[in-house]
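Residue numbers 1 to 536, in UniProt numbering, belong to the letters of the sequence shown in order.
Quick caveat, the hints were computed from the structure, so don't treat them as lab data. Where a beta carbon is used, it is the ideal one built from N, C-alpha and C, also for glycine. Check the hints yourself; a few may be wrong.
[To be verified] Cut-off 27 Å, straight-line C-alpha distance, at most; resulting in silico cross-link-like pairs (BS3-like, lysine-lysine):
#1 302 to 355
#2 302 to 329
#3 355 to 329
#4 303 to 274
#5 42 to 121
#6 42 to 67
#7 274 to 121
#8 274 to 329
#9 303 to 329
#10 302 to 274
#11 33 to 67
#12 67 to 121
[Said to hold, decoys possible] Distance windows between CB atoms, simulated:
#13 185 to 271: 24 to 34 Å
#14 46 to 467: 40 to 50 Å
#15 401 to 429: 18 to 28 Å
#16 397 to 42: 19 to 29 Å
#17 51 to 131: 20 to 30 Å
#18 36 to 185: 28 to 38 Å
#19 269 to 32: 19 to 29 Å
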Amino acid sequence: MSASSHSSATNVDAHEGSATPQLAALFLIRFDKKIGYTIAWKRSSVDVSLDGDVEYKSLPSGLHAVKSDLVYFVHEGYAGLSAFVNGRASEAERNANFVAVGILVPLSYGRLGRSWVFAEKLMTIASALADDPNATAPLEQFWETQSKLKASVSSPKPEPSKGHSRARALSSITAVIPSDQSLPPYHPALSIFQYIDVFGPLVFRLQQAALLRKRILFVGPPPVRAACEFVYNLSILSSIPNSVSELLSPGTDDVLRLRSLFSIGVHDIPLLEKLRPSQNSEDDTLPHGWVACTTDEIIATKKPLYDIIVELPHSYDTPSEEKRWPSIKTSDGTPIRASQRDLSRFKFLHRELRKYRHASSTTNGNAESEDEEEPLLSQSKSFDDDDDSSSESYSDAVAEPVTWSHLAYLGFMWWASAGEKAAYTTEERESDREVLGDLSDFESSLPTAIIAYFHRSTSTLVTQLAGLIEAADDESDDGEQEVLSITKDDISRIGLDTWSEADKAFVEQFLWMYFGRRAQVTGASLDCCGVRVPVF
Numbered sequence: 001m002s003a004s005s006h007s008s009a010t011n012v013d014a015h016e017g018s019a020t021p022q023l024a025a026l027f028l029i030r031f032d033k034k035i036g037y038t039i040a041w042k043r044s045s046v047d048v049s050l051d052g053d054v055e056y057k058s059l060p061s062g063l064h065a066v067k068s069d070l071v072y073f074v075h076e077g078y079a080g081l082s083a084f085v086n087g088r089a090s091e092a093e094r095n096a097n098f099v100a101v102g103i104l105v106p107l108s109y110g111r112l113g114r115s116w117v118f119a120e121k122l123m124t125i126a127s128a129l130a131d132d133p134n135a136t137a138p139l140e141q142f143w144e145t146q147s148k149l150k151a152s153v154s155s156p157k158p159e160p161s162k163g164h165s166r167a168r169a170l171s172s173i174t175a176v177i178p179s180d181q182s183l184p185p186y187h188p189a190l191s192i193f194q195y196i197d198v199f200g201p202l203v204f205r206l207q208q209a210a211l212l213r214k215r216i217l218f219v220g221p222p223p224v225r226a227a228c229e230f231v232y233n234l235s236i237l238s239s240i241p242n243s244v245s246e247l248l249s250p251g252t253d254d255v256l257r258l259r260s261l262f263s264i265g266v267h268d269i270p271l272l273e274k275l276r277p278s279q280n281s282e283d284d285t286l287p288h289g290w291v292a293c294t295t296d297e298i299i300a301t302k303k304p305l306y307d308i309i310v311e312l313p314h315s316y317d318t319p320s321e322e323k324r325w326p327s328i329k330t331s332d333g334t335p336i337r338a339s340q341r342d343l344s345r346f347k348f349l350h351r352e353l354r355k356y357r358h359a360s361s362t363t364n365g366n367a368e369s370e371d372e373e374e375p376l377l378s379q380s381k382s383f384d385d386d387d388d389s390s391s392e393s394y395s396d397a398v399a400e401p402v403t404w405s406h407l408a409y410l411g412f413m414w415w416a417s418a419g420e421k422a423a424y425t426t427e428e429r430e431s432d433r434e435v436l437g438d439l440s441d442f443e444s445s446l447p448t449a450i451i452a453y454f455h456r457s458t459s460t461l462v463t464q465l466a467g468l469i470e471a472a473d474d475e476s477d478d479g480e481q482e483v484l485s486i487t488k489d490d491i492s493r494i495g496l497d498t499w500s501e502a503d504k505a506f507v508e509q510f511l512w513m514y515f516g517r518r519a520q521v522t523g524a525s526l527d528c529c530g531v532r533v534p535v536f
C-alpha cells in the first residue's frame, strides 16, 4: 500500500496541527477539610457554570491516593483538563494539600479540544500551588496571556447542523497528520503503545464493540490519565475513514465516530440515563454509543447504563509471566474474548512493531537504552510470532477456545493435504501483512502507523461488505433486497475468524447498522468418508 494510501486512512482530530485552543475557563480547586472540594479561584470568558460539577470532574474518586495526575473530561459542551497535585501539608490539614488547576476549551478543536497543549503548564502551576495555595499570581498571568491571544486567534467554528454534505461534515471533524510529523508532547495518541500492550489481542474485540457504537465503560483505579487516553485511542481507532464513508447507507452520519465522555463519576449518572437507547424502537440504539472511564465502581453496578464494561488491572507494568489482562464483559456478565485469528494478528502486529522500534533505536544509536526509554512492546516475550506455545499462557483468559469443528477441519486438512492447509494459512497472513503495510512509511510517527492500521482494517471491512451487497443486488431478479449470504471465504477476506461465532454476529450487526441490510453468515462443509464435517 502506498504512502498516499497510508495518509488518507489516518484521521485524527480536527485542528490538531498548529492551532492553539482558546481558554473558555480557568479555575483552581482546593480541598477544604470542612466543606470538601471547593473552587478557590476562577475566570471564564463564556457563560458556563463551574459550580456543582466541575470540582468532582476535576478530582475523580480516589485521586487522593496518587501524587499527581491529568484528568480529561467533558463539561457542558466543553472539553476539560485538570492537573492534580497532592502536596504536603500540616497534620491539621490531614497531611495533604490537594490542588487541581483546570481549564475548559471549545470542543470545536476536537475530541479533547487540544487541551493537552496546556498540560505541562497546568502541571507546573498546580505544583507551585500545592506548595503555596495562596500564590495565585501564575494563574492570573496565565489567564491574561491567553486572553490577549483571543484578539488575534479565532476559534474554529463548527459546521452548520443542517444543509451540509457528508464530505463537508467529515472535513470539520477530522484531519490528517502527515506521516513524517511526530506527535507533540502530551498528545494522548502517544499512549497508543501502552494501549496495545495492556489489551493485547483484546484490542480487536474492543474495536468491534466501538464500531458497533456500544456504550463502553472502562473501570479502574487512579491515576486516570492512562484510562482517559485509552478512551481517546479507542475513539480515534474506531472512526470510519473518510475514504469509505460514501459507501455507507444515507443517514449514518451520526455513527461515523464514537462519542467520547472521558472521565465520569456518579455525578454523570443523569447524563448516562439520557444516553440510554429507547426501548420503544429497534433503530434507536446505536447512535447513543459512547466510551468513558471511571474510578467510581458504583457506576459498574448500574448495568442498564452501559453495554460493555472493561475492568482495568491495577498495574500495567508486571512481568509478562505475571501479566493480568483486562476483563471485558457485556452488561449481563458474558465474557468477551479474542478469536484465534485475533491472536495471530496481534502476534504479527506486536512482532512488526518491536522490529521497527528496534531498528529505529539502532539507527539513532539508542539500542542499548531501548528497554529503559521505550519499555512498551519490548518487555513481553509471550508474543513471539515464531513460538506457537506462547498462546498457552493467556488463551484461557483472553482467547476463545478452538472449536471442535475447527479441530476436525484441521485434522482433515492434515490428512488430506498439509500443503493446502499451509496455503490457506499463508493467504490469511499475507492479507494481514497487507493491512499493516510498511511501518517505515511513517518515519517518526509510529502512533500514526497504528492508527492507519486500524483504519485500513475498517476500510477493508466496509469495502468488502459493500462489494458483496453490490454483487448480490446485481444478481437479484426482482430488484428486491434479499437477506445477504456471507460465506466462510467472505469472512476470511474481511480479516475475521471463520470459526468465531462472535465474528459472525459482528458482521451481521455491522451490515444492519451501516448498510441497513439483513445478513446470514452461512458455513460450508467437507464430506469425508460419508461424514459431513462443518467448516464453521
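Cβ distance range 40 to 50 Å for residue 46 and residue 467, holds or violated: holds (48 Å)
Pairwise hint evaluation, residue 67 against residue 42, where the allowed Cα distance is 27 Å at most: Holds, because 23 Å separates the two Cα atoms, which is no more than 27 Å.
Residue 397 paired with residue 42, Cβ distance criterion 19 to 29 Å: violated (46 Å)
Hinted pair residue 302 and residue 355, Cα distance within 27 Å: Judged against 27 Å, a Cα distance of about 44 Å means the pair is violated.
Pair hint outcome, residue 302 versus residue 329 [Cα-Cα no greater than 27 Å]: With Cα atoms ~14 Å apart, residue 302 and residue 329 stay inside 27 Å; holds.
CB-CB spacing for residue 131 and residue 51 relative to the 20 to 30 Å hint: Roughly 26 Å apart at Cβ, these two residues keep to the hinted range, so it holds.
Satisfaction of the hinted span 18 to 28 Å by the C-beta atoms belonging to residue 401 and residue 429: holds (22 Å)
Satisfaction of hint between residue 121 and residue 42, Cα-Cα up to 27 Å: holds (17 Å)
27 Å limit on alpha-carbon distance, applied to hinted pair residue 303 and residue 274: Holds, because 14 Å separates the two Cα atoms, which is no more than 27 Å.
Assessment of proposed distance window 28 to 38 Å (beta carbons of residue 36, residue 185): holds (33 Å)
Range hint 19 to 29 Å (beta carbons of residue 269 and residue 32) holds or violated: Holds: the Cβ-Cβ distance is about 25 Å, inside 19 to 29 Å.
Residue 274 paired with residue 121 [C-alpha distance capped at 27 Å]: The hint is violated at about 35 Å.
Going through the hint list in order, the structure does not satisfy hints 1, 3, 7, 16.
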